[in-house]
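Please work from the sequences and hints to get the whole structure.
4 protein chains.
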Amino acid sequence: MTPFPFSQSQRGYTPPRPIKVGVLGATGAVGQRFVQLLEGHPWFQVTALGASGRAVGKTYGAAAGWRLSADVPEYARDITMVEGKPGPEWDCDIIFTSLPAEIAGEVEEEFAAAGYKVFSNSRNHRYDPDVPLMIPEVNPDHSNMLAHQQKGRGWERGFIVTNPNCTTIHLVLALKPLQDAFGLKKVIVTTMQAVSGAGYPGVPSLDVIDNVMPHSFDEEEKVESEPLKIMGRFEENDPRFEEALFAVSATCTRVAVREGHTESVAVELGRTATIEEVAAALTEFEAEPQRLKLPSAPLHPVVLRTEAHRPQVLLDRDSENAMATVVGRLQKCKVLDYRFLLIGHNTIRGAAGASILNAELLAAQGLII
Amino acid sequence: MTPFPFSQSQRGYTPPRPIKVGVLGATGAVGQRFVQLLEGHPWFQVTALGASGRAVGKTYGAAAGWRLSADVPEYARDITMVEGKPGPEWDCDIIFTSLPAEIAGEVEEEFAAAGYKVFSNSRNHRYDPDVPLMIPEVNPDHSNMLAHQQKGRGWERGFIVTNPNCTTIHLVLALKPLQDAFGLKKVIVTTMQAVSGAGYPGVPSLDVIDNVMPHSFDEEEKVESEPLKIMGRFEENDPRFEEALFAVSATCTRVAVREGHTESVAVELGRTATIEEVAAALTEFEAEPQRLKLPSAPLHPVVLRTEAHRPQVLLDRDSENAMATVVGRLQKCKVLDYRFLLIGHNTIRGAAGASILNAELLAAQGLII
Amino acid sequence: MTPFPFSQSQRGYTPPRPIKVGVLGATGAVGQRFVQLLEGHPWFQVTALGASGRAVGKTYGAAAGWRLSADVPEYARDITMVEGKPGPEWDCDIIFTSLPAEIAGEVEEEFAAAGYKVFSNSRNHRYDPDVPLMIPEVNPDHSNMLAHQQKGRGWERGFIVTNPNCTTIHLVLALKPLQDAFGLKKVIVTTMQAVSGAGYPGVPSLDVIDNVMPHSFDEEEKVESEPLKIMGRFEENDPRFEEALFAVSATCTRVAVREGHTESVAVELGRTATIEEVAAALTEFEAEPQRLKLPSAPLHPVVLRTEAHRPQVLLDRDSENAMATVVGRLQKCKVLDYRFLLIGHNTIRGAAGASILNAELLAAQGLII
Amino acid sequence: MTPFPFSQSQRGYTPPRPIKVGVLGATGAVGQRFVQLLEGHPWFQVTALGASGRAVGKTYGAAAGWRLSADVPEYARDITMVEGKPGPEWDCDIIFTSLPAEIAGEVEEEFAAAGYKVFSNSRNHRYDPDVPLMIPEVNPDHSNMLAHQQKGRGWERGFIVTNPNCTTIHLVLALKPLQDAFGLKKVIVTTMQAVSGAGYPGVPSLDVIDNVMPHSFDEEEKVESEPLKIMGRFEENDPRFEEALFAVSATCTRVAVREGHTESVAVELGRTATIEEVAAALTEFEAEPQRLKLPSAPLHPVVLRTEAHRPQVLLDRDSENAMATVVGRLQKCKVLDYRFLLIGHNTIRGAAGASILNAELLAAQGLII
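In order, the protein sequences belong to chains D, V, H and S. Per the working numbering, residue 1 is the first one in the first sequence, and the count goes up by one each step. Per the working numbering, residue 1 is the first one in the second sequence, and the count goes up by one each step. Per the working numbering, residue 1 is the first one in the third sequence, and the count goes up by one each step. Per the working numbering, residue 1 is the first one in the fourth sequence, and the count goes up by one each step.
These aren't lab readings, by the way, just hints derived from the structure by calculation. Be aware that a few hints might be false.
Copies of the same chain are indistinguishable here, so a pair counts whether it falls within one copy or spans any two.
Unchecked claim - Cross-link-like lysine to any residue pairs, in silico, SDA-like; alpha carbons within 20 Å at most:
1. Lys332 <-> Glu224
2. Lys186 <-> Tyr200
3. Lys185 <-> Ala279
4. Lys85 <-> Gly105
5. Lys20 <-> Arg233
6. Lys185 <-> Lys332
7. Lys186 <-> Gly366
8. Lys293 <-> Leu330
9. Lys186 <-> Lys334
10. Lys58 <-> Ala308
11. Lys186 <-> Cys333
12. Lys186 <-> Glu110
13. Lys334 <-> Trp155
14. Lys58 <-> Gly115
Right, here's the structure in full:
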């Protein structure tokens with residue numbers, strides 16, 4: 001598998017020295033994506049990979065159970081895996097985490113307290129009032145909360161930044177340009193999600209071969225609530241996140257797709273808009289990561305396809321190095337204002353890539369080193 | 001494959017003599033379902049099977065390319081296939097049709113003009129103002145249009161009755177009890193449809209393995225408009241179908257499922273209702289086919305499941321002999337009033353079984369013989 | 001789901017009283033098949049269902065996590081599950097078991113020692129020199145070992161009978177008529193196995209969507225060795241099973257199929273035979289269960305299809321109520337003598353149905369009550 | 001999709017000028033692979049893309065119905081498609097063809113007669129006694145037949161070179177090192193083939209979802225006979241291909257995999273060999289394309305995996321840029337000598353990449369310009 005093609009012609013921010021990163025949960029489905037996406041990263045250098053019990057002390061090549069392509073990236077093959085506790089073997093500035101929710105909450109706090117900048121995929125701290133839930137294109141200013149987080153928790157250098165659920169990220173990327181241009185009042189979404197979102201072993205094959213599986217209620221709650229925090233405003237004076245006011249209704253299912261979620265979305269806007277205006281808002285959307293030319297940022301965060309049979313998750317999930325949300329079938333809706341399909345890669349832009357882009361943003365904001 | 005288990009304890013209407021039926025398009029995906037479902041039918045007796053060019057003159061067993069189970073039902077194996085034109089070899093009262101839209105329109109008219117009662121799965125005549133688009137549980141009185149149809153077209157004994165698109169049927173079966181109990185204002189639906197709906201060879205495997213495929217715009221239009229005719233009122237005096245007034249927004253996709261459609265539905269009702277009232281309306285729904293104890297009628301047209309992971313198309317598509325619509329995940333909707341998932345068998349209740357149930361209803365109404 | 005259609009016109013052996021049966025591991029994939037297949041059994045009556053820890057004390061309907069069709073068969077719904085230990089709540093003659101290999105060995109011995117007739121799907125005792133590994137069509141006389149088993153182990157009324165691995169059963173059913181008619185020297189088989197064989201949750205969806213998965217080496221060993229014991233001779237005088245002398249080479253894979261294994265087989269026979277002779281041997285194969293008209297016995301244990309595109313696991317797995325092995329593509333082999341494809345249902349004929357048929361045989365042999 | 005990563009450090013043959021190439025059947029499944037693999041080729045420059053009826057005159061971007069990734073490679077997007085007949089618009093040295101067998105035979109001859117070097121994927125000329133059936137690693141000297149082909153057919157500059165069926169290519173790549181090292185007597189192979197081999201629309205989804213489909217007899221014949229020509233000897237004096245003498249038995253099936261064939265192979269060697277010797281022969285295999293450092297040549301034509309669950313078509317099909325055959329599960333065979341699983345990409349190494357590598361070889365042999 002070809003390494004992630006970071007922009008070479010990059011002329012934005014460059015950190016003064018390589019930033020060292022560690023990955024907690026490095027053998028999991030998202031953990032493997034971290035290891036894959038960090039190969040050859042222009043700013044980040046992997047110095048530690050964390051494992052649970054049995055794998056500690058083994059090389060990553062031997063213990064990973066690599067499932068993304070033929071072989072573990074060469075740089076990671078001989079890294080000896082270490083226990084997921086702060087200590088001298090975690091010689092790094094940043095911790096990327098993708099741990100099971102049962103343990104993620106505490107472990108992330110331990111690392112933050114020990115001075116690490118933690119970028120988390122887990123749901124545990126997403127709703128903490130002092131923890132930013134970030135998508136760099138949507139709410140780059142939410143990192144302003146971190147000073148208050150550190151003060152409130154008594155952490156000197158460490159902090160926790162979270163990224164949303166994979167389904168939320170792609171939904172919000174498509175909603176943000178609409179919110180900016182027209183305001184947003186109502187959103188109804190039905191998802192058809194890939195099995196990789198559940199990790200490995202994850203979804204039993206008997207659940208999805210010749211079937212559509214209702215997802216857990218919990219997933220629906222996340223997709224209904226996370227967008228309101230992300231798309232809400234950060235109140236500088238009385239430091240808090242003020243939730244956005246639109247309503248989201250989410251129905252979630254799983255289908256027999258390996259990678260990439262499909263979402264059917266209907267929206268009611270804050271004001272009247274022609275379909276050409278809506279299309280233009282999506283197509284022209286550009287935000288902080290694009291202006292900062294962050295290494296993992298897609299050139300176009302939202303890609304609009306106009307062909308009758310697009311988007312297709314199979315064909316479009318790798319668009320913009322799997323970092324874009326691809327929208328298509330944009331039409332007038334007979335009930336709300338507009339409806340469309342969107343697809344997006346769930347373990348790249350929807351998980352590991354989301355954390356990495358958050359870390360790149362914060363590095364460029366001067367918050368890492 | 002076990003024959004369709006027609007109710008044995010049936011004590012409703014019985015026709016005075018066996019009713020002879022023929023099937024046009026008998027080798028197609030839906031045509032095979034007709035042949036399967038008519039095995040051992042208590043009222044109907046298959047006397048003719050129609051084929052195109054090459055297959056004419058061959059036995060059904062040899063020409064069918066049977067794909068539903070190991071073997072063609074024994075009764076049909078040695079029937080010699082005949083050309084799809086009215087004539088003495090079509091010795092029957094009823095014609096069930098499942099022809100490609102390119103030819104269905106004309107052929108159906110020819111048979112109706114020649115005195116046959118035509119029950120059609122094709123879209124061609126669904127919108128003719130004098131052709132009923134029927135679901136026996138929903139609009140059994142729409143057959144009152146047939147006298148006007150015959151008069152207007154100069155047909156003495158024949159007529160055309162259509163049944164809706166497979167996706168529409170299951171949607172409408174779930175909506176009808178809500179319309180009756182609470183009124184209905186808005187419906188948003190996203191579908192995940194089985195590949196069998198497109199017949200054979202139909203959907204290319206490259207389109208659905210590891211993919212979700214946007215369906216044609218045409219499918220979405222059907223699902224948005226058909227319910228309004230079906231759930232509308234038949235005006236006896238000025239004979240016409242008055243469309244229902246609610247709005248439907250439909251987004252349609254195909255997934256790697258063999259049989260059975262899944263639909264994610266959100267509704268706005270005409271008046272406030274508690275979730276218990278909505279559940280009761282669905283569960284208690286019973287209509288003309290149940291009262292008449294028609295042979296193919298499900299005991300419960302709508303089945304409500306309350307388990308967290310239901311409905312699943314794989315487990316629920318055969319409910320009530322594949323003649324029910326199965327609803328689950330009923331919840332308050334944050335945007336409209338309620339939302340739920342439904343599943344239903346697309347080639348049985350959604351196609352061949354729909355036509356047969358229509359024919360049973362009309363027989364009981366005294367309109368066949 | 002329609003209950004298993006036991007032959008009604010049955011005029012063979014009938015036991016003097018209903019035989020009571022219990023199922024160990026009743027919530028597993030094969031356990032559910034037992035519960036399904038035993039619905040309405042003419043001889044056997046389910047009196048106890050066993051569960052592990054949490055499920056003990058719950059009704060089967062509540063605890064089963066039923067995955068075979070819409071609902072648990074009505075007869076089983078309210079049975080309270082009991083612990084898997086011999087005791088008064090196991091009021092039955094026969095125990096059907098489908099337990100994980102980690103515990104099956106001991107539990108089965110406990111029940112046999114306590115006087116139960118144990119019919120096991122687990123691999124633990126398959127190779128014990130005093131335990132018959134039985135397929136009723138192949139080695140019905142191997143039950144003669146049971147008297148010696150009881151004597152040797154000091155069991156008064158109980159015993160253990162095993163059935164082979166699902167892949168082996170179908171292979172041996174196709175090989176037996178060839179062995180009988182022509183002798184058998186070499187067998188090379190490659191399997192494409194269904195995911196249901198691994199139970200639930202079993203095979204991860206990430207392993208089989210868009211993939212073919214090499215099966216474990218262990219599976220290959222079973223398929224290479226089990227046939228030799230089954231097709232070997234029972235030595236009455238010096239009571240032991242004398243292994244058959246042919247050689248089997250087995251390569252096993254898993255594919256994205258829910259139910260039913262496909263096997264590609266090449267054989268070298270003991271003597272020259274024409275393809276017509278081989279076809280006749282397969283087609284005309286009939287054995288003890290057919291002669292005894294056992295309730296679950298297929299009319300034809302081996303079905304030979306001659307169409308170019310058969311067998312197909314999807315179409316043929318339910319042949320003869322899923323109790324037959326379906327062979328097709330029979331051809332001369334350029335390396336050995338003949339080659340063919342076979343398919344068979346893995347959790348019915350290949351597991352639960354295999355145990356039930358074994359129990360029926362032994363009942364007719366007077367070994368149960 | 002990232003372009004094919006041709007070796008940059010290449011220091012073998014370089015042609016004196018860019019070689020111009022055209023693609024016949026450019027919108028087909030293999031045709032699209034040609035267009036994809038030729039992006040940025042160091043020697044070859046695409047100057048013409050052929051289409052049938054309707055597409056002639058349209059741009060490739062508009063007419064391709066591209067299905068390999070989000071978008072047609074930029075270089076090809078605006079190329080206007082031309083009719084598949086020799087003429088001035090075919091301004092090129094080489095023609096790559098992937099046409100349906102119904103028309104391939106004649107069209108290829110027309111182009112060869114008109115002076116083009118034709119590299120064909122179609123089966124039509126594979127068995128012509130004067131047409132090489134080539135795999136560069138296996139029989140690079142078979143191009144010596146071309147002088148005789150031209151002489152015999154009266155073609156001045158043009159010729160036809162064919163590559164084998166996708167299944168054959170990977171089988172032969174694994175067999176060749178064994179033949180070289182130990183001799184080869186018998187081969188039994190069972191295939192589980194990807195649906196992409198049948199093009200688009202190709203295999204109906206109803207044939208492969210939850211199914212294994214027997215392939216056509218024709219496919220089996222190709223796999224049984226093609227290896228004998230390819231692995232046979234070119235007789236210089238009496239110019240002809242002398243067939244190799246081993247026997248191949250092939251059983252072919254299709255499974256629900258998008259890309260990449262899996263083959264289960266058992267072999268009898270010409271002499272005794274240890275498993276270490278066999279492993280070494282496979283691993284160390286290197287041939288003409290590697291020595292010549294051809295741009296598309298894999299570093300290792302055969303990759304041997306030793307993990308218990310490898311090869312897996314999903315993980316391994318892209319090995320060595322999808323140009324390698326990946327072998328695993330190498331074991332002693334109880335019937336023949338050794339058995340193993342192999343996988344290989346069917347539309348890259350098995351089709352378009354095979355033709356391109358043939359063309360590169362012949363260029364390096366001085367036979368193109």
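Now the hints, each set against the structure:
For a Cα distance limit of 20 Å, the shortest separation of Lys332 from Glu224 across copies, 13 Å, qualifies, whereas the shortest one inside one copy, 23 Å, does not. With identical chains, the CA atoms of Lys186 and Tyr200 are never at most 20 Å apart, being 35 Å at best within one copy and 40 Å at best between copies. Taking the closest pair of Cα atoms, Lys185 and Ala279 come within 20 Å of each other only inside a single copy of the chain (18 Å); across copies the shortest separation is 28 Å, beyond that limit. In the homo-oligomer, the alpha carbons of Lys85 and Gly105 lie at most 20 Å apart inside one protomer (13 Å), although the nearest pairing across protomers, at 41 Å, exceeds that limit.
Proximity of Lys20 to Arg233 under the C-alpha cut-off of 20 Å is found in neither arrangement, the shortest distances being 31 Å within a copy and 58 Å between copies. Proximity of Lys185 and Lys332 under a CA criterion of 20 Å is satisfied in both settings, with 16 Å inside one chain copy and 18 Å between copies. When the C-alpha separation of Lys186 and Gly366 is checked against a cutoff of 20 Å, the pair qualifies neither within a copy, at 36 Å, nor between copies, at 50 Å. Neither within a single protomer nor between protomers do Lys293 and Leu330 lie at most 20 Å apart by alpha-carbon distance, with minima of 29 Å and 45 Å respectively.
In the homo-oligomer, the alpha carbons of Lys186 and Lys334 lie at most 20 Å apart both inside one protomer (14 Å) and across protomers (9 Å), since each shortest distance falls under that limit. Proximity of Lys58 and Ala308 under a CA criterion of 20 Å is satisfied inter-copy only: 19 Å between copies versus 50 Å inside one chain copy. For a Cα distance limit of 20 Å, the shortest separation of Lys186 from Cys333 qualifies both inside one copy, at 12 Å, and across copies, at 11 Å. Proximity of Lys186 to Glu110 under the C-alpha cut-off of 20 Å is found in neither arrangement, the shortest distances being 39 Å within a copy and 50 Å between copies.
In this assembly of identical chains, Lys334 and Trp155 lie within 20 Å of each other by CA distance neither inside one copy nor across copies; the values are 52 Å within and 38 Å between. In this assembly of identical chains, the alpha carbons of Lys58 and Gly115 never lie at most 20 Å apart, being 26 Å within a copy and 50 Å across copies at closest.
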